[in-house]
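Student: Assemble chain B with the ligands onto chain A, guided by the hints.
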Amino acid sequence: MHTLFHIGRYCIFMKGLFLKPEKISVYYKQIKLEMIDIGYGSLGISVLISVFMGAVLTIQSVHNLVSPLVPIYAIAIVTRDAVILEFSPTVVCLVLAGKVGSSIASQLGTMRVTEQIDALEIMGINSSGYLVLPKIIAAMLILPFLILITMFVGIGGGWMAGSITGLINSHEFRRGLLSGFDTYNITFASIKVVMFAFIITSVSAYQGFYTEGGALEVGQSSTRAVVWSSVLILFMDYVLTQLLLI
Amino acid sequence: MKIEVKNIYKSFGNKQVLEDVSVTFEKGKMNLVIGGSGSGKTVLIKCMVGLYEVDKGQIVYDDRNFSDMDFKERKHIRQEIGMVFQGGALFDSLNVEKNIMFGLNMFSTMSREEKLDRVNFCLQRVNLPNVNKLFPSELSGGMKKRVAIARAIAMKPKYLFCDEPNSGLDPRTSIVIDNLIEEITKEFDILTIINTHDMNTVVEMGENIVYIHKGKVWWEGTNHEIYDVDNKEFNDFIFASRIMKKLKK
Ligand SMILES: Nc1ncnc2c1ncn2[C@@H]1O[C@H](COP(=O)(O)OP(=O)(O)OP(=O)(O)O)[C@@H](O)[C@H]1O
Ligand SMILES: [Mg+2]
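Taken in sequence, the protein lines are chains A and B.
In terms of our numbering, the first sequence opens at residue 698 and continues consecutively.
In terms of our numbering, the second sequence opens at residue 1477 and continues consecutively.
Isolated chain A (complex conformation) (with noise of 0.2 Å):
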């Protein structure tokens, strides 16, 4: 029962959101300013956590397919795949969940709770097209970029790693890299990361959106929105990869 109102809420929430806009030209604005906030913004740590993730991927791959009938260069074959597919795309939008969608939520809940969403109301200003729809739009813009950016770093932090321990050389690495590789994978991990954007997005959004009360219920808005973006991405990572990856 209350899992049935959430959902038909969030669909009411999402029709809301394409009223028709006051001003085009105030949400190319908005567009923009979030595409920064959301995507640079997130540019250090999802960075870091990539380094650190193609480092780990591969020192556990060589651990684990240590074998004579395993040529060497097959570990940057398996950090290659693992980074795109699954590493770049699905764990560091799970980061991104933690990172954005807490703080979406919390900015909605907040001007929830202080009458600022009302005022805008007032104004005859549809709210929720307003505030949130560009968040939306930008974060399927602009994250897409952000994960092959981290694809290129995971990758970067395999070899380093690799290198540094001597556990396979450059050489071997690239020809690694290089061997038969599909760039469908990175079509796929892209329409992953669309689809978790908007995830992260428009439920972090309404979770912030409904927020009712005061500063305690902002916090819990806040919670929930991370911890249902994570399950439905890895759901969605799930359902995504049995249509389109078999």
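Computed spacing ranges between beta-carbons, pair by pair:
| # | chain 1 | residue 1 | chain 2 | residue 2 | range |
| --- | --- | --- | --- | --- | --- |
| 1 | A | 698 | B | 1722 | 55 to 63 Å |
| 2 | B | 1545 | A | 709 | 12 to 20 Å |
| 3 | A | 849 | B | 1586 | 41 to 49 Å |
| 4 | A | 920 | B | 1644 | 29 to 37 Å |
To be clear, the hints were calculated from the coordinates, so they are not data collected in a lab.
No residue lacks a Cβ here, since even glycine has one placed at the ideal position from N, Cα and C.
Tutor: For chain B with the ligands alone, coordinates are given in the frame of chain A:
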């Protein structure tokens, strides 16, 4: 120009907050809605502007039935409404200038200079020059209220709603704000409705006072009439303080 509230009911869950409230507010007057904490003043005002949907009854703006309208039709009326919220409700992420300019940016076709002129005019009007670039977090409570008033009048509203514009302010600043609202009301011939439990406001400028108690209208009248009302609840509320009792004598 008038706003008619016709037999409205509003409840939250099974808590009846407003019950059969009917009042008429006219322009050019200081319309005060008074009542104790939790009596339903804020809910009444929010029902009138459509932030809450009423369960039953009608809100009519100059023969335009607001309650029956959809979002698009309401938008026209909303652009004629200015509202000062109980907590100010300034946009935290925007500075004072942008807060006041917000509505103009959204709806007007003014040039940037014209908009800036309007902002400065409004700020001047509330006696707050030179705060254009400050953020809400850098303002004092009284300044926030005044910026909120400036924002509310920026779009030249026909209807002005103020939810406790002078609560939490020192007596002098409250008087300044009251006078300001009164001046604006007379100067621009606005329909002004003020929620308050400030007795000074009631005595000084209540031209049409509506007393709400437990979600019902208990009394209506002017500030001259408050002294000889034969109603226990009303008298307990108005003449609660010693100073008001002295005034009555
Ligand atoms: N969103 C809401 N959900 C549930 N109950 C509410 C809601 N808003 C107000 N109420 C209830 O309605 C009653 C009237 O509240 P309201 O805010 O109108 O009081 P008020 O007269 O403005 O008081 P104050 O002078 O303290 O601002 C209160 O008992 C409050 O608990
Ligand atoms: Mg109130």
